[in-house]
Amino acid sequence: MSLQLVNYKDLKQIVKIEKDTNEYPWSLNNFKSSLDAGNSSIVLKKENRILGYAFFSIAATDSHLLNITVSSNYQGKGYGRKILEKVILQSSVLGATVIFLEVRISNHRAINFYEKFGFKRDAIRYEYYKGTPKEDALLMSKQGL
Numbered sequence: 001m002s003l004q005l006v007n008y009k010d011l012k013q014i015v016k017i018e019k020d021t022n023e024y025p026w027s028l029n030n031f032k033s034s035l036d037a038g039n040s041s042i043v044l045k046k047e048n049r050i051l052g053y054a055f056f057s058i059a060a061t062d063s064h065l066l067n068i069t070v071s072s073n074y075q076g077k078g079y080g081r082k083i084l085e086k087v088i089l090q091s092s093v094l095g096a097t098v099i100f101l102e103v104r105i106s107n108h109r110a111i112n113f114y115e116k117f118g119f120k121r122d123a124i125r126y127e128y129y130k131g132t133p134k135e136d137a138l139l140m141s142k143q144g145l
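Just so we're aligned, residue 1 is where the sequence shown starts under the working numbering, counting upward by one.
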C-alpha cells in the first residue's frame, strides 16, 4: 500500500469511486481542472487499485481540503486517517499553518472524523450545497500544523 501523487491516469478510478460514494460527485472535469490548476492531490493505492484520495489547495499559509474520499469497499479500515494525516503533513511541508474545509451539516460521521484530528467548528455557510432542499455547510479549520 502506498500514498502517491495523483496522475491523470488515476482519474477514471477516482471518478468511479466519487460517483459510488457521493450524492453530488465531482465530475471528471472537476478533477482535471483541479490538477490543471496545480492543486495538491494524493491517492492511496494497493497494487493498482485506488482505495481513496484527497485534493487540496495551498495558498500562502492556508490549505483548503477540497475533496477527500475513501472507496465504500474500504471505509472503516483506517484509510481515511492515513490520507488525512498525509494531507496535514504535506500542507505543513508546503508552508500552510491552517487547513480549512467545508462539510455537509448532516454528515455527522465526517464531522466526528475531522474533530478527532483537531478540526474545530468555525461557522455555517447557509444553503452551500445543491439539492432539494439545499444544505448548509459547516466550515471547519485546524490551526497550527
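Simulated from the structure, these hints should not be mistaken for lab results.
All C-beta atoms, glycine included, are put in the ideal place defined by N, C-alpha and C.
One should not assume that every hint holds.
[Claimed, not checked] Calculated cross-link-like contacts (lysine-lysine; reagent style BS3-like; alpha-carbon spacing at most 30 Å):
#, residue 1, residue 2
1, K134, K46
2, K77, K9
3, K32, K9
4, K82, K16
5, K19, K120
6, K12, K82
[As the list claims (entries may be wrong)] For each label pair, taking beta carbons as the anchor points, the in silico distance ranges come out as:
#, residue 1, residue 2, range
7, D122, Y8, 31 to 39 Å
8, K77, D36, 26 to 34 Å
9, T97, K32, 17 to 25 Å
10, K9, K134, 33 to 41 Å
11, Y126, N7, 30 to 38 Å
12, K9, G118, 28 to 36 Å
13, G95, P133, 37 to 45 Å
14, R121, K32, 15 to 23 Å
15, K86, A59, 29 to 37 Å
16, S27, R49, 32 to 40 Å
17, K86, Y8, 19 to 27 Å
Okay, K9 versus K134 on CB: inside 33 to 41 Å? For K134 against K9, whose Cβ atoms are near 35 Å apart, the range 33 to 41 Å holds.
Distance restraint evaluation - S27, R49, Cβ atoms, bounds 32 to 40 Å: About 22 Å separates the Cβ atoms of S27 and R49, which means 32 to 40 Å is violated.
Given the range 31 to 39 Å, decide if the beta-carbon distance of D122 to Y8 lies inside it. Holds, at about 34 Å.
Given hint K9 paired with K77 - CA-CA distance at most 30 Å: 25 Å, holds
For the pair supplied as a hint, K82 and K16, confirm whether the alpha-carbon distance does not exceed 30 Å. Holds, at about 21 Å.
Can the suggested window of 30 to 38 Å be confirmed for the beta-carbon pair Y126 and N7? Roughly 37 Å apart at Cβ, these two residues keep to the hinted range, so it holds.
Status of the given 29 to 37 Å range, CB of A59 versus CB of K86: 19 Å, violated
Taking the CB of R121 and the CB of K32, does the distance hold inside 15 to 23 Å? 32 Å, violated
Given pair status - K46, K134, alpha carbons within 30 Å: The hint is violated at about 36 Å.
Taken at face value, is the distance from the CA of K120 to the CA of K19 at most 30 Å? Between K19 and K120 the Cα gap is close to 28 Å, so the pair holds against 30 Å.
Just to be sure I understand the hint, the distance between the Cβ atoms of G95 and P133 should be within 37 to 45 Å; is that true here? Holds, since G95 and P133 (Cβ atoms, about 39 Å apart) stay within the stated range.
Going straight from one Cα to the other, do K12 and K82 come out at no more than 30 Å? 22 Å, holds
Figure legend: structure checked against the earlier numbered hints; hints not met, in rising order: 1, 9, 14, 15 and 16.
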